[in-house]
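Going line by line, the protein sequences match chains A and B. Take 1 as the starting number for the first sequence in the numbering used here and just add one per residue. Take 1001 as the starting number for the second sequence in the numbering used here and just add one per residue.
Rather than coming from a laboratory, the hints here were simulated on the basis of the structure. Keep in mind the model is a prediction, meaning the values are calculated, not measured. Check each hint, because a few of them may be wrong.
As the list claims (entries may be wrong) - Calculated pairs, DSBU-like style, for lysine-lysine (alpha carbon to alpha carbon, straight line, at most 35 Å):
no.	chain 1	residue 1	chain 2	residue 2
1	B	K1160	A	K395
2	A	K152	B	K1133
3	B	K1197	A	K196
4	B	K1175	A	K175
5	B	K1235	B	K1571
6	B	K1472	A	K196
7	B	K1636	A	K262
8	A	K176	B	K1197
9	B	K1044	A	K193
10	B	K1193	A	K197
11	B	K1472	B	K1044
2 protein chains.
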Amino acid sequence: MSSSKSKKEKRTFKVTFLPFDSTVDVSMGTNLLDAARNANLPLKATCGGKSTCGECAVKIFRGKFRKKTSAVLSEDLVKQGYTLACSTAVESDLTVQLPQFQEISLKNISSSQFFKVYKDNISAIYEVNPVIKRILLQLPSPTLEDNYSDLKRLERELQKTIKTEDWDCTYSVLKKLAGAVRPGGKVFVTLLKSGKKWTVVDVEKPPEKEGIYGVACDIGTTTVALNIVDLKNGKILGTAASYNQQLKCGEDIISRINYAQKPGRLQELHDLIIATINNLIEKAARSARVSTPYIYYALISGNTTMIHLFLNLEPRYIREEPYVPTFNRIPIVLSRDLGLNMAYEGRVQCGPAVGSYVGSDITAGLLCTPLIRDARKISLFIDIGTNGELVIGNKDWLMTCACSAGPAFEGGGIKCGMPATDGAIERLKIKENGRLEYKVIDGVKPKGLCGSGLIDILAELFIRGFIDRHGKFRKEKAGSQLVESEDGLGFLIEHGNSCYWGKNLTITERDISNLIRTKGAVFSAISLLLKNVGLTFDEIDSIYIAGGFGQHLDIESAIRIGLLPDLDRGKFHYIGNSSLLGSYLVLLSERNKEMVEEISGRMTYIELNTEPRYMNEFTGALFLPHTDMSLFPSVKKLIHT
Amino acid sequence: MSSSKSKKEKRTFKVTFLPFDSTVDVSMGTNLLDAARNANLPLKATCGGKSTCGECAVKIFRGKFRKKTSAVLSEDLVKQGYTLACSTAVESDLTVQLPQFQEISLKNISSSQFFKVYKDNISAIYEVNPVIKRILLQLPSPTLEDNYSDLKRLERELQKTIKTEDWDCTYSVLKKLAGAVRPGGKVFVTLLKSGKKWTVVDVEKPPEKEGIYGVACDIGTTTVALNIVDLKNGKILGTAASYNQQLKCGEDIISRINYAQKPGRLQELHDLIIATINNLIEKAARSARVSTPYIYYALISGNTTMIHLFLNLEPRYIREEPYVPTFNRIPIVLSRDLGLNMAYEGRVQCGPAVGSYVGSDITAGLLCTPLIRDARKISLFIDIGTNGELVIGNKDWLMTCACSAGPAFEGGGIKCGMPATDGAIERLKIKENGRLEYKVIDGVKPKGLCGSGLIDILAELFIRGFIDRHGKFRKEKAGSQLVESEDGLGFLIEHGNSCYWGKNLTITERDISNLIRTKGAVFSAISLLLKNVGLTFDEIDSIYIAGGFGQHLDIESAIRIGLLPDLDRGKFHYIGNSSLLGSYLVLLSERNKEMVEEISGRMTYIELNTEPRYMNEFTGALFLPHTDMSLFPSVKKLIHT
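Just chain A, with the same shape it has in the complex (with noise of 0.2 Å):
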């Protein structure tokens, strides 16, 4: 080798990937799937890179590279920029798009719509008194006869709007105090109440602005979403959603927590998730034309293995017996010791847990149910994502419990699965003629199925007889619509010219075995909870479903399939990204805040981890619908016609 060759050949480049920002050194020539490897990204190849599966496409925006050309993708495709990575060499730094983790649709966190229908059917009070206020002061100058001290004069003024003798304030007003009330006049004060104490945390002198905002987050273990609100009256001014920046480190929260044991790791996922906040509260506050200093206050609900690491708090103890958290109420920290971007003296409160795996996301999804605000009727909570989590109880009791279902509802382990997001096919039918018909989100071209979606095909496969209870292929019934592909056997859904990726959409064996043991792991957690708690499925007056399937979960779908009880349909609710509403509730009003500590506390929580017949009943609800077809007599009913 010659000598120049080498030195050619040692130059390094830098390839960021988005979303994710996440940066990684390469060496002149590097394919782009061994690049994003390297940078521990989750980019998928099942051909193994040999240029066939079409699935590394990435999207390149900026740099120098050189690729071979590929069949797989289509020329409309190749148009916009889309490259294979395995087939593609880096030849300078380079930007390149990660297209399975693009935007995120914010139709299915809008909370607009639920509020006009729910709003006076919920637990959580519909009021702006957030415990954070910005008030416009007019202060006299001090004279002779006049001469308290700054602080003083100020408690004084307030003393006019806020009744109380416990003041407080932190340095940082210490330090800014005499500069904003000298020789007097106006001034804006923000306060923070926190149970009988308000506390000044900010003083400052117009041209400073009179707003004051908060943000209401969701910290999901695949998505996160905001809102942005003017707590002067409580108006939601913009929404953001993205991909969790961990998901680089793990799909699931076990495996996020083991990710973590290592050195550095766990401030890795505490700065990833920070990282995706700063980006969404920026995206969210620039469309609302809201200043980022003047964010005060936010609200986090999330698993609790979420707010652990987003507080930078070890979280292995969550993962081994007996599953105790370091935390389930936590106090409120400020924003500048988490690097988020707010105000100065923005405070963070995240919302109360009740144990390792039933989190903050929960208690404020109760909120928005009416589950706890009447004694007589019980009803179930079921929030579905990559954790199962359920509730059960009215005014007088809760129980609850929770369960690994897997992200196959969100998209995850399963081929032509995806998040609720552009393109994918959130409803689907198969007619009495066989042929499919489906809704896309978005109205382009199908790119895969996301959570309802999949509900929707599993049920629709299962009810025309194309598979039996075990989730099999009925080859005498399904053959025409069987295709071969290089995971197997699969439905084929949708042809590959019709499809925005250019290839066959099919659902393999496998990824219906997939969905039918999430399915099974949330319904035989209901049925063991209801045995807890000596209850039949009729005993439950209404069901309140929450997560992130998509705007429309078909409820029918889920009972055929055997997700959900077979009730009366009439009894069940889909609420959407209740975690989302619910913070949003929490943050405007200081009730709310106090009833979602309250019912927290009040949870009582049973370990499924450890109880020997969840794993009879799970085995029991691997059948479609289930062994016990007496569970779903309407099921039973349209099969045997």
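Use these hints to put chain B onto chain A, whose structure you have.
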């Protein structure tokens, strides 16, 4: 000039002046007096640098220098390493000790003596119950049945000793908790009480130690003193005192406030006081064998300006009409926000002030008197430092004012004056035969006179008829003891060969005039305060005198010069550094903290700056002992016999 010479001359060196640790860059050959002036340091040289006055003697510890021989310094001093700054040229980096800023004697701030005598006769409670505690807990491991979160389990155990429902914890505890309490066992918990709320501020596993220490500190304009206290038993483990490093920026509070008005100067003053305190903490902690990360609490008292500078707060409003400070009651501040050498979660509480010129040194000082215990007796409290502060009243009412006394009684502005430290004459008598007898602190050769010595010499000169009522020498009486010096005619206190600095110790008419102005300022304030409350001198039951005069202020002398009113001698009590003592009492006991806050809230402050009658009173007090001799019957009798 040859280029090589120019090169050589351009070489610069660092000169470091102790005890301020001020470093200045000077070029080769610069004399040390100029270097000190470049560093803005207060090095006196009355002769203007002609090597004749000997005032600029410094001690050089390290480095190369070139000096002219001078007869002014005794051989003894030269042997000890002294040299005249004005005739010493810098030839390398140097470390130089400024002699007038030597170590301060701890005798004057020792409190054990005080408590022996007064413990049962003070307003404060002598109890050990600080607002910060460190508790050793035995925590059980979590189990499936006992599945409280770490924080909840901790609270449950704490509840057994501390009854409250109002818990909180800091973010650093959030981060450390899991590591400290798993798998269970012994854990040290540090707790702070604020109102009814307890905040867990630290958690640690053994082998960390159980100790918890506090600092009680008095920040004076001239000197700073502190005690390190064992918060488990209240024992004072170490004491340290030194000059306030801010001295180089001005001798009194007005010059410090003025100094702070240029950009960066407030920060400089703040840094200097923090450095002063950190040095003292280190010194006291070393001698007490206390590790500074176990110091969790500091109780700071001082005049309002000192406290503003300590907290890095704009002080200028203190000096501007209507003389209103930013704060009187100051919330707890984190020690790390100030840069103090304490525990990471250390807390700093500044005592409550009454106004711009009556600070927390006074409110703390009141605790060391019985003044606020009794509703029948009327007491007067006087603290004489660079400022003089007065309080009159009893259990039911308190009236206070302040006057600008000047630093004369602390040795400032007086040629032979010095603080009450080694070598200071603290007691002095002129015998019948005109010879002087005196007592020197630590028994070394005299260096000068501290406050009590100055009061004695003034009284003796007056009573023996060596000066008249205006403070002018009566040559017919004092003739033989008057000597000429650079500053004019002076009364010889001691011959140079018996003095430490080898120079005559004299007191001039200018010195005497300064002392008279100082005592006049204090007395006229007492007089006006009494008139304000409609009382006469006779109605005062007790007078408590605090200040840095040295250990033995002679009340008789103080009355003879007209500093204190001519009352029954049994009514006077000299209580030393009551600001430090009071800080110690407040540090130790939550009830004392509440008491001092209560006192500060109900003291009525009279502003002398805007009181026209004050000038009249002052003019009358510019005589020895006073224009109105009927106020001083015992002195009148003494002169006329």
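(message) Of all the hints numbered above, which does this structure not satisfy? Sort the numbers upward.
(response) Per hint list: 6, 7, 9 violated.
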